[in-house]
Amino acid sequence: MSTATAPAAASGATTSLTMAQALNTALRDAMREDPTVLVMGEDVGTLGGVFRITDGLAAEFGADRCLDTPLAEAGILGSAVGMAMYGLRPVVELQFDAFAYPAFEQLLSHVAKMRNRTAGRLPLPITIRIPYGGGIGGVEHHSDSSEAYYAHTPGLHVLTPATVADGYGMLRAAIASDDPVVFLEPKRLYWSKDEITPGPVEPIGRAVVRRQGTSATLLTYGPSLPVCLEAAEVARAEGWDLAVVDLRSLTPFDDETVTAAVRATGRAVVVHEATGFGGPGAEIAARVTERCFHHLAAPVLRVTGFDIPYPPPMLERHHLPGVDRILDAVARLQWEQ
Amino acid sequence: MSTATAPAAASGATTSLTMAQALNTALRDAMREDPTVLVMGEDVGTLGGVFRITDGLAAEFGADRCLDTPLAEAGILGSAVGMAMYGLRPVVELQFDAFAYPAFEQLLSHVAKMRNRTAGRLPLPITIRIPYGGGIGGVEHHSDSSEAYYAHTPGLHVLTPATVADGYGMLRAAIASDDPVVFLEPKRLYWSKDEITPGPVEPIGRAVVRRQGTSATLLTYGPSLPVCLEAAEVARAEGWDLAVVDLRSLTPFDDETVTAAVRATGRAVVVHEATGFGGPGAEIAARVTERCFHHLAAPVLRVTGFDIPYPPPMLERHHLPGVDRILDAVARLQWEQ
Amino acid sequence: MTLLDQPAGPSASVWPPNAHGPRRDPAPLLPDPEPFRLLDTPAADKLDPELLRDLYRRLVLGRRYNQQATTLTKQGRLAVYPASTGQEACQVAAALVLREDDWLFPSYRDTLAVVSRGVRPVEALTLLRGNAHHGWDPKAHRTAPLSTPLATQAPHAVGLAHAARLRGDDVVALALVGDGGTSEGDFHEALNFAGVLGAPVVFLVQNNGYAISVPLSKQSAAPTLAHKAVGYGISGRLVDGNDAAAMHTVLTEAVEHARSGRGPVLVEAVTYRLEAHTNADDATRYRTPDEVDAWQERDPLAVLERHLRAHDLIDDAGVAAAAEAAEELAAEMRAEFHSEPELDPLSLFTHVYAEPTPQLREQADLLAAELAAEADAR
Amino acid sequence: MTLLDQPAGPSASVWPPNAHGPRRDPAPLLPDPEPFRLLDTPAADKLDPELLRDLYRRLVLGRRYNQQATTLTKQGRLAVYPASTGQEACQVAAALVLREDDWLFPSYRDTLAVVSRGVRPVEALTLLRGNAHHGWDPKAHRTAPLSTPLATQAPHAVGLAHAARLRGDDVVALALVGDGGTSEGDFHEALNFAGVLGAPVVFLVQNNGYAISVPLSKQSAAPTLAHKAVGYGISGRLVDGNDAAAMHTVLTEAVEHARSGRGPVLVEAVTYRLEAHTNADDATRYRTPDEVDAWQERDPLAVLERHLRAHDLIDDAGVAAAAEAAEELAAEMRAEFHSEPELDPLSLFTHVYAEPTPQLREQADLLAAELAAEADAR
Ligand SMILES: Cc1ncc(C[n+]2csc(CCOP(=O)(O)OP(=O)(O)O)c2C)c(N)n1
Ligand SMILES: Cc1ncc(C[n+]2csc(CCOP(=O)(O)OP(=O)(O)O)c2C)c(N)n1
Ligand SMILES: [Mg+2]
Ligand SMILES: [Mg+2]
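Residue numbers (the numbering used here), protein chains in the order written: chain A, 1 to 337; chain B, 338 to 674; chain C, 675 to 1052; chain D, 1053 to 1430.
Read the hints as simulated data drawn from the structure, not as lab findings. Quantities reported herein were computed from a predicted structural model and do not represent experimental measurements. Zero decoy hints are in this set.
Computed spacing ranges between beta-carbons, pair by pair:
no., chain 1, residue 1, chain 2, residue 2, range
1, B, E567, D, E1407, 30 to 40 Å
2, C, R980, B, G399, 39 to 49 Å
3, C, S1021, A, D178, 15 to 25 Å
4, A, E230, D, D1334, 27 to 37 Å
5, B, A350, A, R332, 46 to 56 Å
6, B, E567, C, A1049, 17 to 27 Å
7, A, D64, D, E1152, 43 to 53 Å
8, D, R1413, A, G239, 26 to 36 Å
For the chain C half of the interface with chain A, some residues (derived, Cβ under 7 Å), not all of them:
no., residue
9, D811
10, P829
11, G833
In this text, a Cβ means the ideal position worked out from N, Cα and C, and glycines have one as well.
The whole structure should be built from the sequences, with the hints applied where relevant.
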């Protein structure tokens, strides 16, 4: 695995980075600016993380601020809670999606609730970074899309970047947030590359229209954004002009942007990798329908992972929403009315 | 707390029981019929469980078949996995909804996946009983409605009874299932009473229309069923004839019954206690809309718990879906079109 | 062995140089075979009489607190109360040995320890009253909220203690866990983190013999719970939890050990829950009156009073004064719980996030409209 | 001390009758201070030469297996391979000491132990090949699937062992865990359940010094990992994991201990991962060549071969025969992995439940239609 240490990126200067490098830069910049920011997790120190997102941080900031922890996810998140209570801003790395599950009790019963339980007296500014999703040929337990669990848990912000620029900007915003953020990093976009210009930290919670369109609107996020953009390209040949919305934040949800984008076309498809049943697409379809019912020419459809455990590497392409499956759904949007 | 040991109920005979007694009877009957069935959990033995659902089982079947475990939920569920691998049918009690969270890794990464991982060679016939929901004045962490987490997890059946008869029948069906079942017991219905006639074990997965109606359809389950039935009574005075569907099973989902019930009225409201955002209601609304779009006069609305941590006892009534809030939603179903 | 005798360096090894070592000598980590006691032993003569009298007054107060809280449940003023009756020596000592800037991490049964830290009873009992999830200002009192999910507060204590050290403060965190709580994974992970980080944290396990109905024999097969310490490379101590002087001594040493950078300590206090698990529990289902009677004999309050009287360290006036102070506390509690708490339904939506999400604003509006309609209807 | 010396009954106590006891003597539970070794010690003279030769042949096979699997990753025939090179003595002994009806609970690195139980390499490596999640029939081989979520297999082993005893079978379960895995809550809960239930289970911790990049010193401060046993009231043993004879002896005793109803055992084998974590890992980031070199000297295969040669227990022909058997295994592996596995996309929907739900039937139909359309387009 190659290094993720980025060319030193001065704020305001444009640099070409991978998503991994952008995340690494965000961590470094945040640690430079704020001495209370610290990184912790399994293998984040000497190794720089299995995806190298924390590469070079231990060297620059020392082992105390880039802490290799014992192998125990509840212990990691639980001790981050205590650190945050004492005024630090821990950025926790949980190594893979499925290895966040041991930390669920800490997450659901403490991290998500502490501000509320204490009427605002113990806010927990913790960022929980989790590489998630499939498409990289990982063996079982290495490709789960678990965002629905987080999004259903009040008290958590749930963010997921899909572009290199957002990798930087949204991680900075997450670390700056005074509330806990589950920051889901699409594994298969780690090596995507782009020019970015790190700017001031934006507030979290806004969706972005990545592509304007008039026929129908694709609503998506994270690893499925590039697939949707590709589908929109292909669709052009078939006569459809598809808008593509990148949600970026599942909690809070940007009803304003989404509602406007769907009303503009009257047709929508939600696309994500996570299991469909009870997945984020269900919420999105339901709330879009509540808000846009009389603008809709067809029900909001969903293209998602199947309702099965994530498949083995050699079969994953059949599970993941691909261009064809998205276009099939678009075709089912009752055009002949 | 009073005893839940039921008057000995001969199969086929009609008896008056509380939900708690019906569940207790179901466990006893299953243990009598099948020597591989065993009950395990915190305080299930000598005490008979904090809700007395396992009352008398240790006395009748011995401490080995009604096992008081150490206080460790992952250990409980994890050892149940091993027992099931060796041919037993463990019925696990997790004491309260929020105390199931420590067992999530075992549940999500093993229980839900074992049959699939091993291509059918290691099915896990485990029943996981969890008292859930609010309305009994429980302090924090004692009133969560966590069904959305389970329903989103492929490989689990998710059942929740709302009547005394279903308390008996569905628990028998869960124990008879060769797949893992998360069996959610609505705490506040434990003391509800009814006459029941234990009969043969029915297959799981069917919803039931509890009340026929012509104006609109309420879709609900578990603790919210009595509230919906009451709302339907009250609605009559306001001129609405509401149908009420008791889903009983979130996974598998009975699309057939639900779709027919919604098409018949053209209007629907989903009602549950769980947090609305990403809750079961989202899935239900989305799939009903996919299937009934052109039969709908209004979007499917949701009346759910708010997107907040479960509130303290003295405030819970403001959080829980009540009759008025349901009727307000019915009123918003665009009647004046 | 006292806590001040610390493990020596690594032992010699035939091993190649590697990442496995250094190995430590386990001997200094192991607890004494029998619980440490002071009262009714010759060593008690050296104890500071004023400390003993102070402990006595606090135990009397604590007992009265437990009684009054239990009474409040009967009057419907508390939703539920898990009494620490019989465990007052543990509760009081845990609070007393901490400096003001140290942190306490209580479990749901430990409201007396919280009150002993200076929190008003009505705030300490907020969770159990049911009007809010939590009462006091955790930062002002350096006392975390009561933790209901068992043992989950233990890693918090480790993290806080470690953070304090990183920030240059010589602060100690003390986490309270029950015997049942030691079975949870979080207990293990916390002790392991503490050992590895060398964090200034003390874990006090109140082994009261039961986790609701489950006796210790079904909870653990360890020689003692204090023996768990060795598996984390930390010091274990076993102490008579009904001997207030022993509790105070051992915890003082443990806190000093942690504060001085010599690492965490696990203290097991052997004690007994004289009341049922909570007012909703029926303890006769799982234990005999004989067992309870035998432990009444070792009631920490009675043990200390006997000692004080036998050594002429207190007179009837002193006893009466302690009782009077306790009555004052009880009266204060009755007064504070007399009125219904003020409730604002719309507070449901504040403090979920720093800023309410648009979704929460909509929901708050819905509730506000309902409340207005209700008010109109009245 | 051997495992056969068991803790005596409860020690006398000044305590009232209660649920806390009986307390046990910790001494018999504590491991020896230094790892148990046999090879290159006088005790080795008493070892059965045939056993040693058998172990040798198996180690040679195991080494070749590790090499061939690593080669398969380079050829893209395996998605990933975590080699157990350097740990073959642990792997082989773990399989060898079990009866056919005993159960093995391997972790993701333990495919060699699985192969040593008689599973064909292509089935043992299915997960890592990527065509399915799992290969062999777990019930036929009494071997659970490889567990990737660390330590989660430990409670499974306890439950299975306990169930077997309930059903009257004298079956033992052996769970393999890494040094890193001991930090997980599930490890703790499993050992605690095992201690309380007295379940016939053996936990073998292969302490290879690292959890990916994290050295043991950042993982645990315990004197040794075997010392964790005392906290669960079970027996701890420390053994040289690169000494195949010692491994075989200690595990045999441990299994016998468990089988005969004397309770669970925790064995720590001190060993070393000679290769990187997996083929995707770069071990030079976190350890020095010197350290690896030093451990090469203690390569379990070299240690045993030296011993056999020094005692004239094997000749060149014996060595050659072992090598030849190993080449046969390697050839078999190459042949089995030569062809692409057959894949049925629709198998995604089988075995999610005993009966597919209506939802899954719909989804299977969708995929079937897509596949048909794809085929048509071709
Ligand atoms: C994670 C978790 N599981 C279960 C419970 C339910 N519960 C509340 S108190 C209790 C027993 C606690 O026993 P112990 O730790 O010995 O403390 P004690 O009650 O004796 O003070 C149980 C099982 C809980 N609160 N948290
Ligand atoms: C619960 C969980 N957390 C994290 C991981 C990621 N992970 C895979 S292997 C590994 C290190 C394991 O170390 P150890 O237990 O010592 O076993 P070894 O690799 O040395 O055989 C980690 C952190 C995992 N598989 N499961
Ligand atoms: Mg207790
Ligand atoms: Mg290791």
